[in-house]
Amino acid sequence: ISMNNQNMIEYIKEGLFNFIFPLDCKICEKPIRESKGYSICVDCFKTIELIEHPYCIKCGKPLLFTDFFKQHREILCLDCKRKKYSFEFSRSIGIYNKVLKKCIHLFKYYGEKKLAKPLGELMVDYLLKNDEFKKRIDLIIPVPLHKNDLKNRGFNQSFLLGKVIGDYFSVPVKEKVLVKKKFTPYQVNLSKREREKNILEAFLVERPEEIKGKNILILDDVFTTGSTVEECAKELMKARANNIFVLTLARNV
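Be aware that the sequence shown starts at 2, since it is given in the working numbering, and climbs by one per residue.
Just so you know, not all the hints are guaranteed correct.
[Said to hold, decoys possible] In silico lysine-lysine, PhoX-like type, Cα no more than 25 Å apart, as pairs:
{"no.": "1", "residue 1": "K99", "residue 2": "K193"}
{"no.": "2", "residue 1": "K235", "residue 2": "K182"}
{"no.": "3", "residue 1": "K148", "residue 2": "K130"}
{"no.": "4", "residue 1": "K213", "residue 2": "K85"}
{"no.": "5", "residue 1": "K47", "residue 2": "K99"}
{"no.": "6", "residue 1": "K182", "residue 2": "K239"}
{"no.": "7", "residue 1": "K109", "residue 2": "K99"}
In short, the hints are calculated from the structure, not lab data.
All figures in this text were calculated on a predicted structure; none of them were measured in a lab.
Given only the sequences and the hints, what does the whole structure look like? Please build it.
Following this line, the structure appears as structure tokens:
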């Protein structure tokens, strides 16, 4: 049997299984008749809250639409007025709540790797519509996991998202250029200051020759305080990258 025929057989088997034993959507709890291998239905996926203007021109944090914004479109949030980042700017696709938060949890912690495709396609759509990124990316670098975390999870969610984007735009995705050398506890319940301390000097550029002079897109799933992507950007700039941009799937606000 050829590979194409084998894929067709698997597709038919999966379709029959989903028809007889449909998954229930983890959001609305209705049966998913046309399953793509993950437990979020199309209707719920369409309700993901996307980030639109106004947002901070540096970190991408959503801002309130006020009369001031109408007169000053390029504005910084309070954090970015106080702090300097090593990256040019960061953007996020959606707000880290409700459907998008559930999608990311299913993707990262429950092994629903097939969510990489629709979530990655959200990022592709954003890049297609956003002139800031056009023709500026030479290399995509997903935020790396420590080897212990990678072993436990079995995959790096940021790399899988990066592959969707890289394949679409024909941009190389480099997984081993930047590594996480220091094991760090999960940052979920840490304050901003604790996160910065936790992640300090956690990353290392192992192949600086692949970084020098390049415009790099750092890719991650969630931007919370920016501590993780800033540490990555700092190391990449030490390796003489030209410019660093950041794109995350979700923004925690």
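Hint check:
| no. | hint | in the structure |
| --- | --- | --- |
| 1 | K99 with K193 | holds (23 Å) |
| 2 | K235 with K182 | holds (15 Å) |
| 3 | K148 with K130 | violated (35 Å) |
| 4 | K213 with K85 | holds (22 Å) |
| 5 | K47 with K99 | holds (12 Å) |
| 6 | K182 with K239 | holds (16 Å) |
| 7 | K109 with K99 | holds (16 Å) |
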